[in-house]
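Visitor: These are the residues of each chain, in order.
Protein chains: 4
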Amino acid sequence: MPQEILDSLEEQVNPKHTALIIVDPQGDFCADDGAMSRMGKDISRMQGAVQRLNPFIQRARETGLKIVWTRSIAVPDKARPSYRARDIVREAIAKGIAFVKEGSYGADWYSEIIKPLPDEYIITKCHYDAFEDTDLDLILSSGGIKTLLLTGFVANVCVETLARRGYIKGYYIVLVSDCTDSFTEREFRSTVYNIENYFGRVATSAEIMNIWESMAKSAH
Amino acid sequence: MPQEILDSLEEQVNPKHTALIIVDPQGDFCADDGAMSRMGKDISRMQGAVQRLNPFIQRARETGLKIVWTRSIAVPDKARPSYRARDIVREAIAKGIAFVKEGSYGADWYSEIIKPLPDEYIITKCHYDAFEDTDLDLILSSGGIKTLLLTGFVANVCVETLARRGYIKGYYIVLVSDCTDSFTEREFRSTVYNIENYFGRVATSAEIMNIWESMAKSAH
Amino acid sequence: MPQEILDSLEEQVNPKHTALIIVDPQGDFCADDGAMSRMGKDISRMQGAVQRLNPFIQRARETGLKIVWTRSIAVPDKARPSYRARDIVREAIAKGIAFVKEGSYGADWYSEIIKPLPDEYIITKCHYDAFEDTDLDLILSSGGIKTLLLTGFVANVCVETLARRGYIKGYYIVLVSDCTDSFTEREFRSTVYNIENYFGRVATSAEIMNIWESMAKSAH
Amino acid sequence: MPQEILDSLEEQVNPKHTALIIVDPQGDFCADDGAMSRMGKDISRMQGAVQRLNPFIQRARETGLKIVWTRSIAVPDKARPSYRARDIVREAIAKGIAFVKEGSYGADWYSEIIKPLPDEYIITKCHYDAFEDTDLDLILSSGGIKTLLLTGFVANVCVETLARRGYIKGYYIVLVSDCTDSFTEREFRSTVYNIENYFGRVATSAEIMNIWESMAKSAH
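Residue numbers (the working numbering), protein chains in the order written: chain A, 4 to 223; chain B, 4 to 223; chain C, 4 to 223; chain D, 4 to 223.
All clues given are correct.
Same chains, same names: a pair is fine if it fits in one copy or spans any two.
The calculated lysine-lysine pairs, modelled on DSS-like cross-linking and capped at a C-alpha distance of 30 angstroms, are: (1) Lys-19 <-> Lys-118; (2) Lys-172 <-> Lys-19; (3) Lys-220 <-> Lys-19; (4) Lys-19 <-> Lys-104; (5) Lys-44 <-> Lys-118; (6) Lys-19 <-> Lys-81; (7) Lys-104 <-> Lys-81; (8) Lys-81 <-> Lys-118; (9) Lys-172 <-> Lys-44; (10) Lys-81 <-> Lys-44; (11) Lys-104 <-> Lys-118; (12) Lys-98 <-> Lys-44; (13) Lys-98 <-> Lys-172; (14) Lys-172 <-> Lys-81; (15) Lys-98 <-> Lys-81.
Just so you know, these hints were derived from the structure itself, not from any lab.
All chains should be built: construct the whole structure from the sequences, respecting the hints.
Guide: Pasting the structure below:
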């Protein structure tokens, strides 16, 4: 029997089978003195998204979602050749900027984001794809998860890679558009466009929290 | 011993370890009477890219590259739930448009593109990711391939998915920018931006053919 | 919510979520004049299993199971280095024995086994693992399959590899012990032991057909 | 260009591209008061293998091999349904035996085995397959590893699963026959048979150390 299809946003974000994924909310992507800021990127957009992400995480906790945090770490001997050949890696090295280096300030969680609780999952990844070389799929499939709420950074890099890969694996993808961002509006918009047209859905945190609230009321 | 890193475009596109990937040059994506055109998309950009892709395929053959063609086929019982829930699939069904259906005109190779030779590889995929559920990696790794020249359609969907996945797997990614396209300039530009900043390199077919020509000369 | 666990054989082999997998019933593994026989292996055990497998396939068809056939094909340019280094490959080459070569008698279905129907799936694999480099998981997961009934050849090679891999992927594994075999009793027994202790369950075709019959009766 | 094939044991175990994998040398598999011993298994064979494994690890370190340790941990919410349905899991629960539980004595390294050094890799796995849901392949492929020397426990379960999976991925497999074992001779022999006939090679630690010694001499 083919699996049942969940058509509506309401069905897809049912807390029973939905996980919140918080991608790489680390100092190097968000902080004023993080690596990206020092390489000239505008991180104010990330800082704004964190302000909206914090209450969404709180509500997801109250609603009982499975919560998964990812963190990027650059490890020289866990890098396939194509990774080490990238310009951004060479540029950072040339400027003497250590990027998401284990143990550094920039690899740590960004100071303004609320922190993982002991029963939440933390995935360490050494590249852009949180599914590859990690136990993310094991955690999700063991828990009967069907839908991924995607938040965090950077929208058009690690978040969109996760959306594309998760969609192919069969997960329903919902980009929480006000809880993620890119360094520019243009990059952010391309991710929104690609996901809503090809890889899943886009919704705001308010829309999703409203659905959860309605569900909780109708359950009484 | 860590693997040797190929830094320059010259090293990366060496015919000894480079494959040309031609993504989904099918009627439904390129032809005037294909599904995408009938759904209102502008396919003239694709038709232009095919004119530049044809001589590039010829040169790649003369240069001895491994050549892999992919084709998309929609098969109802080879579709994970997330695939069947997408709006584009429902919209096509609602309009009575059969999309890349096996045996149909639209699933066949686009009339204006040169056709695969018997010793070239054809990958049939039932979703956007030519690596998942196929033997693409087996073909490439068995042949000692390190670099993928990406061409074909649609740039921001199947081509960019291939770029992201291939990069994570360790292949050097080179988007051949004049031999691929999207339905709009904006979508195309986002793929060019993402690949050149994060997943590999972007080069024109002329640049790559010049490198091959120089190599051939210096080999004499 | 963690997924429901199916404890009993009855629950696991429910036709609604069970697929029959028939591994490599090809001439080279089963026929008197196939490659294995010519390399000195005793294929009479396989021939006996085919006699019991045929009625089991018929019953699985009547019961409405999803049915997947696999076939091995040796393709020189679809072989990773470790494959080509094996003694058995070199020995066959040295003896001038072409092994599961596309288009040959030995690669074709064994003459005594009933043949696939048009709506059944055929997986071509170039090594021992029917999950790797194929769309087997796509077919199974799209169809809501939870349990794999494993039959065919060779028990301790391709069948046990499938059992181990399928188990790790989360499928319930049931080896149909009288519908598979190895070249010797000892090899066959080691597979039965490993699967029933570590990777799933072992049952006879009669036990499974009895369960299906009871289910059909109680459904009236 | 197809990849070069390494035919001989000498070529395959060249330290430049060889990793030593030490599978699950934990108290629950090896210690007198570990879980397996308490469930009635004979762990004396494991204890003997550890005596031979210790000097082999030392020599591998002196020879400069990449060294990877794996450890099994049972985590209830990192277990796909098929895992939780197994008899051995239920039996342990029924007997009140906690099996490889994080933080327990039995999950820790076995007291008699030498311990990992800070620059060696530790893979934590929640099932039998050290490649699935881990970064083992990332570590190996980043380091240019072609050959896996397999040691540790249990030979016919986690070690053979690793051999089968590693072989399919393209690694040369060498089972170090005196540095691994099963609870019985029969189980151990089936693994030796399967690996040497189908998935790679079998050699003793002495044979391999002799090759390394000859290489070192001829390098002077």
